[in-house]
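> Work out the full structure, taking the sequences as your base and the hints as a guide.
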Amino acid sequence: MQELIVVGNGMAGARVVEEILARGGGQRFRITMFGDEPYGNYNRIMLSHVLAGEGTDEIYLNPVEWYADNDVTLHAGVRVVRIDRFARKVFADDGTVLGYDKLIIATGSRTFFPPMEGMWVDDRTLTPGVFGFRTMDDTTAMLSYARGRRSAVVIGGGLLGLEAAYGLGRHGLDVRVVQSGPVLMNQQLDADAGAILRRVVEGLGISVQTGQRPSAIRSAGAVTGVVFGDGTAIDTEMVVVTAGIRPNVGLGVVSGLTVERAIVVDDQMRSVDDPDIYVVGECAQHRGQVYGLVAPLWEQTGVLADHITATDPAAAYHGSRNATKLKVAGVDLASMGIPGPERSDDEFVQFRQPHRGIYKSVVVRDGRLVGATLLGDVEKVAFLTQSFDRGLPLPEQRIELLFTLGGPEQAQGAAEMDDSVQVCNCNGVAKGELVGCVRDGTKSVTGVMAATRAGKGCGSCKSLVAQIVEWAADGAVEVEESASWYVSSIPLDKPALIEAVRARGLRSVSAVFDALAPQGEDAGSKMALASLLRTVWGRDYLDERDARFINDRVHANIQRDGTFSVVPRMSGGVTTAAELRRIADVADKFTIPMIKVTGGQRIDLLGVRKQDLPAVWAELDMPSGYAYGKSMRTVKTCVGTDFCRYGLGDSTQLGIDIEERYKGLESPAKMKLAVAGCPRNCSEAMVKDIGLVAVGEDRWEVYVGGAAGASVRKGDVLAVVTGRAEAMALTGRFMQYYRENARWLERTYDFVPRVGLEELTAILVEDRDGVVTGLDERMQASVEAYSDPWLEGGEPVTTGQFHDSLPLLPLPQVPVRDGTASPSGAGATV
Amino acid sequence: MTVPEVTVPEVTAHRLGLIAEIPVGEGRAYAVGSEQVAVFRLRDGTLRAMQAICPHAGGPLADGHTDATTVICPLHNHVFALADGACTNGDYTVRVFPVRDENGQVVIDI
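Taken in order, these protein sequences are the chains called A and B.
If you use numbering that gives the first Met the number 0, the first sequence closes out at 829, no skipped numbers anywhere.
If you use numbering that gives the first Met the number 0, the second sequence closes out at 109, no skipped numbers anywhere.
Careful: at least some of the hints might be erroneous.
Said to hold, decoys possible - Chain B stretches covered by chain A per the calculated footprint, using a threshold of three residues with CB under 8 Å from any CB of chain A:
| # | stretch |
| --- | --- |
| 1 | 34 to 42 |
| 2 | 45 to 56 |
| 3 | 60 to 68 |
| 4 | 72 to 81 |
| 5 | 96 to 106 |
Unchecked claim - Just a sample of chain A residues kept apart from chain B, beta carbon distances all over 12 Å, derived:
| # | residue |
| --- | --- |
| 6 | ARG43 |
| 7 | GLN186 |
| 8 | ASP345 |
| 9 | MET526 |
| 10 | PHE589 |
Since the hints were derived computationally from the structure, they do not count as laboratory data.
From the three backbone atoms N, C-alpha and C, an ideal C-beta is built for every residue, glycine too.
Now the structure itself:
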């Protein structure tokens, strides 16, 4: 059995003994501990809570009995003054001399008292009323002295100083924190964060004074004031000094160990001078770092215990990352790593909202989190701490480090994905192609999307494409100015473009190109402009057919073989026997390859030849269901109150009314709606672009921004309205706002989180901006401008409108289904 | 010194129909022998012609959006230059044909 002596009974000393015992060290060592505080072992971190009067129950880690129970001999209140390394003996101030085989120094640190006149009565005695804030004794002395006092000054505005100030403030003292530098908690925070923290701290009734260095303490038997370098002074009855700590290295110095800022150790936490002497905690200096926080301690003691017990002789400590939290009730502050960028290529994302006391920032270096500060909103702290500790891959949208964004989520980080993983399923683009494109010099998201066509299909992969491009470009992504433009050929965002269109009376797509596009006509911009002009001008829009996408030229959805799908309107999903008979007859007559019930409660006739469209429409004698446009598509309903025994509202009728009123309205992207007669949500209204859910007594929840397609998102409740008329009106108002403000092809599930639910409620429900009347009027004009496009079947608008575009191909090329085979892989529309 | 042999493919002019049958800015498809051809009448009056089928997945190019220099396939948005048939966002080329206006008639050389 070897003799193990541990000098220091603080958090480090006790923890290391626990770790050694946990590794069976009790069999290997006879353990003796020296501690100069006369207690068992307590959790120093909790002293702030003790000072604040927030309970002391949990402060003792190991009571005195613990030492006896574990056969550890404790010399409490005894100080080791010298080590004879050659004789392997320690000498204590009570005359004890003990031999050791292994020695652990865990003497920690002490309060640093900056040199100030009037601080000390003599070499060892502070002026009455002056306190450090380090030990249990400090804390109890402060508490008893504070009783009946009215004012205190805390010198030092770091973590400990603020906790001391808060604690004393809780006992009714007027507390002023004096920080000689300009920034509170300058070890952890940059100036921006420090300024916001200052507001928050002042909000707790603590006054803060920065930029002045205290030079003397005034006293008359006890403290009466603090004097500053510029001669000004403030009165106070009490001074707490929290201007830093200094490692207790005296024992190391007198024993001939190498000491710089603290006792220098190797990766096994051994003194570099003596393999039998370990050093751990705040008195150890490892690779130039001295840690003053608790987390590094846990890591150091683990390595030390592994090594000394030979549990893992290869155990090595590689340094710790600094992370800390402020323990002040009502102030959420977490900080880790560095407060701001240090190298020119460090990434820095910062969010400041002073009046709400919120500050968040992250520093990313080489794709790894090296710093984070969260003040006022620590929602992300767990995620960030994990990323920081473990160096996990980060979301390439760095903003997601600070906020949980709505909209599509990416399960996998761009960095981890294999090159062969298909990113854009619509256009079959793998990660490797995107990366290759970036390597070849295209460093903008839009550029890569244009070159590879990734994200140009359904669009649901756009954010993943952006992540990969950012990752591949290694932070050197070029943000094209054009990213905010409504179309790539005109350097204006949507509001500016609408304004220009209105101001200059541009009613046709060609007029817009002539007036606003520097390079003139652009094929890729036509569809988006046609949609916008139709929204702006309604009936007064000058329709140029070549600006329309083929679907809108022939009012049907083009299929992979050049045939089309025909979906008649079936409002609310309600049909009749006569309609079904007609549909069946048409299917027979035109040998429709497939008849399919859609997800939007309609019937899709697929594989119709272009030249047959007019005849098909004529024989169907039903209006267009707009299953081909960037427009209002369909309103799904459940059976509501008429038949369902659970129904709370007539969802069927409301769905029909909404579909009839808003049918065919062009919009930035398709809109799929639903109405549910009760919260059982059978029509899936909660995951629609707009969904209405009856909640009883003629009240309807209006959901917006839901999705259950390539992205899945539950809608947000915009409002709960009373009556079907109100529900219809708010539906239309939201639609009109979306039509006027969403980006081209931006679905509501991206639009709603982008604008924000609160903002939408303020604008559309509370009419904060006074725009509701205008929205409603413009929607009404759009509704009135509607005409059924399938009427063009009888009188084509252009020559050859329904002319075959693949004249030599026998269409349909798609397989004709007779209903007996099991279908697979057909692209359906609603 | 030998002169390299140059083979000149045989070209025949075909009259496809009236220009007025192609709406401004749009395209129409024609069968010319065994060839399917898309002819575009651009907004400035220029005529352009190319093979009617997109080499990527068989899309009908005559149904695409056009501007002064390009046509976009309606199926997957491949962009082809009207002048030489090169695709700017894919590794494809389409054949282009000389086409002209003869007294209001579309005439193509194939």
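> If a hint holds in the structure, say so; if it does not, say that too.
Going through the hints against the structure:
Using a Cβ-Cβ cut-off of 8 Å, 3 residues of the stretch 34 to 42 of chain B lie near chain A, which meets the minimum of three, so the contact claim holds. Interface restraint, the stretch 45 to 56 of chain B with chain A: holds (3 residues with C-beta to C-beta distance below 8 Å; minimum three). For the stretch 60 to 68 of chain B, the assignment as covered by chain A holds, since 8 residues bring a beta-carbon within under 8 Å of that chain's beta-carbons and 3 suffice. Interface restraint, the stretch 72 to 81 of chain B with chain A: holds (6 residues with C-beta to C-beta distance below 8 Å; minimum three).
Counting residues of the stretch 96 to 106 of chain B whose C-beta lies closer than 8 Å to any C-beta of chain A gives 0; at least three are required, and the coverage claim is violated. With a least CB separation of 64 Å from chain B, ARG43 (chain A) remains clear of the 12 Å interface cut-off, as annotated. At roughly 52 Å from the closest C-beta of chain B, the C-beta of GLN186 (chain A) stays outside 12 Å, upholding its exclusion from the interface. The Cβ of ASP345 (chain A) lies farther than 12 Å from every Cβ of chain B, with a closest approach of about 35 Å, so its non-interface assignment holds.
MET526 (chain A), annotated as away from the interface, has a beta carbon of chain B within 12 Å; the closest lies near 7 Å. The non-interface label for PHE589 (chain A) is consistent with chain B: the shortest C-beta to C-beta separation is roughly 19 Å, beyond 12 Å.
Going through the hint list in order, the structure does not satisfy hints 5, 9.
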